[in-house]
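*Asks:* Listed in order, the protein sequences are those of chains A and B. Per my numbering, the very first residue in the first sequence carries number 609; after that it's consecutive. Per my numbering, the very first residue in the second sequence carries number 609; after that it's consecutive.
Hints in this document: simulated from the structure, not taken from any laboratory. Hints are not guaranteed to be accurate.
Copies of the same chain look alike in the list, so a pair counts if it works inside one copy or between any two.
[As the list claims (entries may be wrong)] SDA-like cross-link-like pairs, simulated, lysine to any residue; straight-line CA separation at most 20 Å:
| # | residue 1 | residue 2 |
| --- | --- | --- |
| 1 | 950 | 636 |
| 2 | 617 | 720 |
| 3 | 633 | 673 |
| 4 | 655 | 665 |
| 5 | 667 | 983 |
| 6 | 617 | 721 |
| 7 | 862 | 687 |
| 8 | 633 | 862 |
| 9 | 635 | 954 |
| 10 | 617 | 742 |
| 11 | 667 | 987 |
2 protein chains.
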Amino acid sequence: MPSISEKGKHMPPSPIRKLVPYADKAKAEGKKIYHLNIGQPDIESPKVMLDAIRNIDLKVIEYSHSAGIESYRRKLISYYKKYNININFEDILITTGGSEAIEIAMMTCLNEGDEIIIPEPFYANYNGFSTQAGVTVVPVFSSIRNGFALPPHDVFEKVITPRTKAIMICNPSNPTGHLYSKEELQSLRDLALKHDLYLFADEVYREFCYDNNSYFSIMHLEGLDENIILLDSISKRYSACGARIGAMISKNKKVMSTAMKFAQARLSPPTFGQIAAEAAIDTPQEYFDNVKAEYVARRNFVIEQLNSMPGVFCAKPSGAFYCMAELPIDDSDTFCQWLLEKFSYKGQTVMLAPATGFYSHAELGKKEVRIAYVLNLDDLKNAMICLNEALKVYPGRVENISNNTIVMQ
Amino acid sequence: MPSISEKGKHMPPSPIRKLVPYADKAKAEGKKIYHLNIGQPDIESPKVMLDAIRNIDLKVIEYSHSAGIESYRRKLISYYKKYNININFEDILITTGGSEAIEIAMMTCLNEGDEIIIPEPFYANYNGFSTQAGVTVVPVFSSIRNGFALPPHDVFEKVITPRTKAIMICNPSNPTGHLYSKEELQSLRDLALKHDLYLFADEVYREFCYDNNSYFSIMHLEGLDENIILLDSISKRYSACGARIGAMISKNKKVMSTAMKFAQARLSPPTFGQIAAEAAIDTPQEYFDNVKAEYVARRNFVIEQLNSMPGVFCAKPSGAFYCMAELPIDDSDTFCQWLLEKFSYKGQTVMLAPATGFYSHAELGKKEVRIAYVLNLDDLKNAMICLNEALKVYPGRVENISNNTIVMQ
Chain A
609 MPSISEKGKH MPPSPIRKLV PYADKAKAEG KKIYHLNIGQ PDIESPKVML DAIRNIDLKV
669 IEYSHSAGIE SYRRKLISYY KKYNININFE DILITTGGSE AIEIAMMTCL NEGDEIIIPE
729 PFYANYNGFS TQAGVTVVPV FSSIRNGFAL PPHDVFEKVI TPRTKAIMIC NPSNPTGHLY
789 SKEELQSLRD LALKHDLYLF ADEVYREFCY DNNSYFSIMH LEGLDENIIL LDSISKRYSA
849 CGARIGAMIS KNKKVMSTAM KFAQARLSPP TFGQIAAEAA IDTPQEYFDN VKAEYVARRN
909 FVIEQLNSMP GVFCAKPSGA FYCMAELPID DSDTFCQWLL EKFSYKGQTV MLAPATGFYS
969 HAELGKKEVR IAYVLNLDDL KNAMICLNEA LKVYPGRVEN ISNNTIVMQ
Chain B
609 MPSISEKGKH MPPSPIRKLV PYADKAKAEG KKIYHLNIGQ PDIESPKVML DAIRNIDLKV
669 IEYSHSAGIE SYRRKLISYY KKYNININFE DILITTGGSE AIEIAMMTCL NEGDEIIIPE
729 PFYANYNGFS TQAGVTVVPV FSSIRNGFAL PPHDVFEKVI TPRTKAIMIC NPSNPTGHLY
789 SKEELQSLRD LALKHDLYLF ADEVYREFCY DNNSYFSIMH LEGLDENIIL LDSISKRYSA
849 CGARIGAMIS KNKKVMSTAM KFAQARLSPP TFGQIAAEAA IDTPQEYFDN VKAEYVARRN
909 FVIEQLNSMP GVFCAKPSGA FYCMAELPID DSDTFCQWLL EKFSYKGQTV MLAPATGFYS
969 HAELGKKEVR IAYVLNLDDL KNAMICLNEA LKVYPGRVEN ISNNTIVMQ
């Protein structure tokens, strides 16, 4: 029997999806599970988008251009212009979800053994894409205690080596909900220019910025056109995760022509998804206003509930639809599995994502979980009741005293 | 300005798509182009498939399971059973086109620097996927003069090294149209068992086997379950290239659980495409009978026409919808570009794929082109007239005399 690859061995399983078998078993046993573990919103996709699919008049489901349907790429320019992002049609490569945008960007820009600096906690799949590309993730620690703000300049300087080739952020951030300020981004620009680094930004949550905080994109930075790679997706924007449509955007011509070679090898992004995505650009502003109001209500509810539970701490996020919560527990992996396997309250339980998967140093996430507030308020209410009850009886409960901990049993 | 990756530099541009800018220019000048350069059929997709899309009743375009929608995977079992391929639901990973099946299979099974033996000429994008995975393609030569039959056993033995990890075929073959016999596949089985190699087969053209030749799949080989990886796609089967739905299939549990980690990183294959693909399994047999009859007529016409042109040789393919033709030309890249840039006959020209991109040793393809007979008979007729006229006036025409050549100018 031939062996599997080293890359395959080192590829991390998804921390968000690895608990799925336990959830399946719990459901089979009749338990109701509230899924706060995955960024799959319950929000309806825009009507214009679904109508475009229902009215499709294709006879042959053809390949599109490898860079994406031209009319869609051209129409996207107007979408970005609303955010004061000025790009040309040639700067856009349509990808199969944001996932492929990251894969292609990494293969295009980084060599095996190169290092990419990412503030942790970060979206767990960045680990997977880095493993695929043979790239080493160098984390810089951001703390729940100051709302996961960007670590200061000197923290980056300390970890920059001759192998450092890029810095990557997610803005607004999955998993923390942190919205990076203009000053934080300018600090990254200075680093990128000084050390000649690529600056990758995954901005798939730009529609979800709250409390009148303004969104500042890496595309707003000046004098950095050759270094900036914007990674995007329509998955969250239109609650259309299954369309698998994203984009890689850069004004660096060499990067885009190289990325195009990878894009040609896989032929084209999905045609149906692109048709839906093109139509979605006409989504009325009212849709986004309603969605944002809904998420603000959910966030406010969840944050208030969490912070009222003894021993729980949660910073108030300014964007995306996630929060990280510090819980009075021994181990978030054990706890999340226990919630599915051993716990129920009135026949119900809650599924969370252990934060260990969002840190390069897994131990930093042992007391934290990521909560995606992607369910309606009624469901969130029940989910919070479950979590509160669970924390009362969890055998691995630990009391936090400042930075020290006492195991209760 | 940061540099691009070594992989990016070495990534081959698509030989099938690299002439596109010349074609765009020719079209802008008003030339009619017959596209025989790409496997994008003009055949209509099945009605059941398009109806499923038009009748979609989703409210939220959700992610699917990372391995694909479960009902689709279960239904696929019946599809394969019709071909006497007996697999379980767990043996199937739904991918974003056949392209992603190849990418994931390579990353799962092969290390950087490992070697994969592929009979040449082969589908050009195998080069791209190998470059992405850091894998070295070791070609074994198959000749147009004996219909691109599998090279004999000892040719493989000569190139097998300690780094050899897999053999890959495309059956029926793109670009040659060769349909591998049971004996050829058994010969590959012996090699795979003797040297403990993976055997990859891209069988996306199984619906296109002609002249009562029977299709023999690698899945029909016995005693090789741990070594076999089937790479599949619905793109050609249902003329649905843009749906981007494929599959990676293996009974090797370790391979599939490792592949699943790569699949989880990219979240899920496209939802719309999967819905269409699931519906397509109910396509009536009449559809395939009509499509096959159409392709047989096209093939017969094209082969007859080609072989009637002075200096042209073309073997009669038994499968897929391609043929390789040897032309009396100096250089197929130059010729194909000239067809677009310099030539027209009654305002028309033809676009072909230079065979250089299908050989690891590009010089072997300098006198050959790949022709995809994916247009209707009227268009094919005009395309063949164009080619015939072009060969009469092409400045780089060369007369073939046995294996020697005389340049005419």
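*Asks:* It remains to establish, for every hint, whether it holds in the given structure.
*Replies:* Here's how the hints hold up against the structure:
1. 950 - 636: Answer is within; shortest intra-copy Cα gap is 14 Å, inter-copy 67 Å.
2. 617 - 720: Classified as both; 17 Å inside a copy, 13 Å across copies.
3. 633 - 673: between (43 Å within a copy, 16 Å between copies)
4. 655 - 665: both (18 Å within a copy, 11 Å between copies)
5. 667 - 983: between (38 Å within a copy, 15 Å between copies)
6. 617 - 721: Classified as both: same-chain Cα gap 17 Å, cross-chain 16 Å, threshold 20 Å.
7. 862 - 687: Answer is neither: 24 Å inside a copy and 44 Å across each miss the 20 Å cutoff.
8. 633 - 862: neither (50 Å within a copy, 22 Å between copies)
9. 635 - 954: within (14 Å within a copy, 68 Å between copies)
10. 617 - 742: Both: 13 Å inside a chain and 16 Å across chains, each within 20 Å.
11. 667 - 987: between (42 Å within a copy, 18 Å between copies)
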